[in-house]
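Asker: One point on numbering: in the numbering used here, the residue at position 274 of the sequence shown is 274, and numbering is uninterrupted.
Treat the hints with care, as some may be off.
Quick list of the computed label-pair ranges, beta carbon to beta carbon [to be verified]:
(1) 323 to 371: 29 to 37 angstroms
(2) 112 to 30: 45 to 53 angstroms
(3) 477 to 311: 37 to 45 angstroms
(4) 314 to 157: 47 to 55 angstroms
(5) 44 to 259: 39 to 47 angstroms
(6) 414 to 346: 50 to 58 angstroms
Cross-link-like lysine-lysine pairs, in silico, DSBU-like; alpha carbons within 35 angstroms at most [to be verified]:
(7) 407 to 532
(8) 628 to 672
(9) 672 to 602
(10) 511 to 342
(11) 490 to 602
(12) 238 to 46
(13) 511 to 524
(14) 664 to 524
(15) 490 to 532
(16) 511 to 412
(17) 628 to 664
(18) 259 to 157
(19) 342 to 269
(20) 46 to 157
(21) 148 to 120
(22) 666 to 602
(23) 46 to 148
(24) 407 to 304
(25) 529 to 664
(26) 67 to 46
(27) 524 to 666
(28) 259 to 342
(29) 671 to 628
(30) 60 to 154
(31) 238 to 269
(32) 120 to 60
Since the hints were derived computationally from the structure, they do not count as laboratory data.
For each residue, glycine too, the CB sits at the ideal point set by N, CA and C.
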Amino acid sequence: LLFLSETGGKDRRSGLILTIPLCLEQTSMDELSVTLDYLLSIPSEKCKARGFTVIVDGRKSQWNVVKTVVLMLQNVVPAEVSLVCVVKPDEFWDKKVTHFCFWKEKDRLGFEVILVSANKLTRYIEPCQLTEDFGGTLTYDHMDWLNKRLVFEKFTKESTSLLDELALINNGSDKGTQQERERSIDLNFLPSVDPETVLQTGHELLSELQQRRFNGSDGGVSWSPMDDELLAQPQVMKLLDSLREQYTRYQEVCRQRSKRTQLEEIQQKVMQVVNWLEGPGSEQLRTQWGIGDSIRASQALQQKHEEIESQHSEWFAVYVELNQQIAALLNAGDEEDLVELKALQQQLSDVCYRQASQLEFRQNLLQAALEFHSVAQDLSQQLDGLLGMLCVDVAPADGASIQQTLKLLEEKLKSVDLGLQGLREKGQSLLDQISNQASWAYGKDVTIENKENVDHIQGVMEDMQLRKQRCEDMVDVRRLKMLQMVQLFKCEEDAAQAVEWLSELLDALLKTHIRLGDDAQETKVLLEKHRKFVDVAQSTYDYGRQLLQATVVLCQSLRCTSRSSGDTLPRLNRVWKQFTVTSEERVHRLETAVAFHSTAEKILQECPEQPEAFNEMDQFDEIEAVGKSLLDRLTVPVVYPDGSEQYFGSPSDMASAAEHIREKMKLVSLKKQELRQPEATTPES
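Work the whole structure out from these sequences, hints included.
Answerer: Spelled out as structure tokens, the structure:
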């Protein structure tokens, strides 16, 4: 092919000129035959009908080679060849041509063969149709033609193959049913070459051909219309048109395939999400039904649930991405895909929302269980503290500390009541949530599991109720005991106060009850006041005795001994005895004073005209004796049973009282003397 070409020139019959340059090297007839077949396949049938003029350039070859080539033309192209011009060397073949005359073999060969020198070739062919090698003016670049022909052949081959492939793909996409189209598209293969590259090659080739024609017509370079046929510009244009049409259809097929592939990928991912959520995801939740029996157990279940939520979060992220992709396809998709896309979106949303609701329900249930166990633990600790307080024996120092302890006990009991109420509320809320679990139940019967949880919750609440009831009973006993202790301390305090009051009465009796009166009437008044005073003291003593008796009863009830009661009773008795002795002494003195004043006043008030009333002097002796006895008592202390002594008032108070008695005794003595004088004068007279 490098040495055999169609130059584009024409003979005088407008037939194409085929040039066969021979060389000194061995020429392969097989290759030459193949090359001739190829070159003869290029022109159109119209061109072939006008025949070929073959120029066999034998100037650099041997005669037997030339002869063989000419004879071969008979077998290859006898009908298309009208003239064979053998260009001979100037001197070399003259002696040998006589052995074989081509003109004589015209009928057998089917075409005319002439031997001609290169400079005489213009006799048969116009110079403008001959190349410079044969003395012509036709511009021909064999390598340029060959390169363009190779490009054309490559383009033709690739475009033809590509057209077949695209047609196969496009025709497969035009089948009737959707399933057939999908099956056909799935079975189709991708084009073996890139359509864009082939189209670019064709456009470049077409542009080169058109540019060559433009340059040939305007640039003055010789150009032959046969170029359009030899280089097949119309074929290139036709192939490009077909390629563009098929490629446009192919792009639509690819778009549909891409959309279908994307839809299938989305459907596959949707089913992956749905299958996992309804399979392993739901199975994970099915195995997690317990609520734990303590704070630690509930926290462990929460941690396990967080791990499950973490795994679900990855699939939920895929759901969000798929939902966005489906939304985008719904906005830009075809109507035939809307139903399927909406169904996928609805299915995906239903499963994800249902699973998310189950996760949220499980999380809320575990949180409620944790709060329930937390309240139960706090209540248990409160009950333990209250029980510990009740188990410790009460040994308060006084009533105030008992009141404080009792107040603290009541506060703890109230706190336990509030804690139990809070536990019931938390427990009821948890039971309500568990009862709602059957509405979805993770696809299984949770009656047995729920019963265990319900039994546990109710058991905790009942246990706390029993413990609280036991503590209440113990609090009632402790409250009664502490109230008795308060009463005991109160009785002891009041008894001690009674002793103090009695002591104060005794002290008042000794220090302020010292007057004996100036006359009998006053003394009687003092005596009456003293008796009332004694009644007050008696009441005080009796009150103290009753309080002390109550302390004895309370101590027996409390099974304890009271130090204060054992000390108070002797003090009360001692003070009372002292008061009794002092009171008796006071009564005796007042009664003596009444007798003294009454007798003295009677004597002093007798008229002198009645001396017969004083005939007996014993009355004067008696009053003197009473007065002296009274004076003596004023100087004598009160002696208590324990041997102690106590005086009434101060010495000055006693001296004043004694002085008043002495004055009255002097008056009585004067009265006595007055009465004696008349007796003395009467005998004398």
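Asker: Provide an ascending list of the numbers of those earlier hints which the structure does not satisfy.
Answerer: 2, 3, 7, 10, 11, 16, 24 and 31
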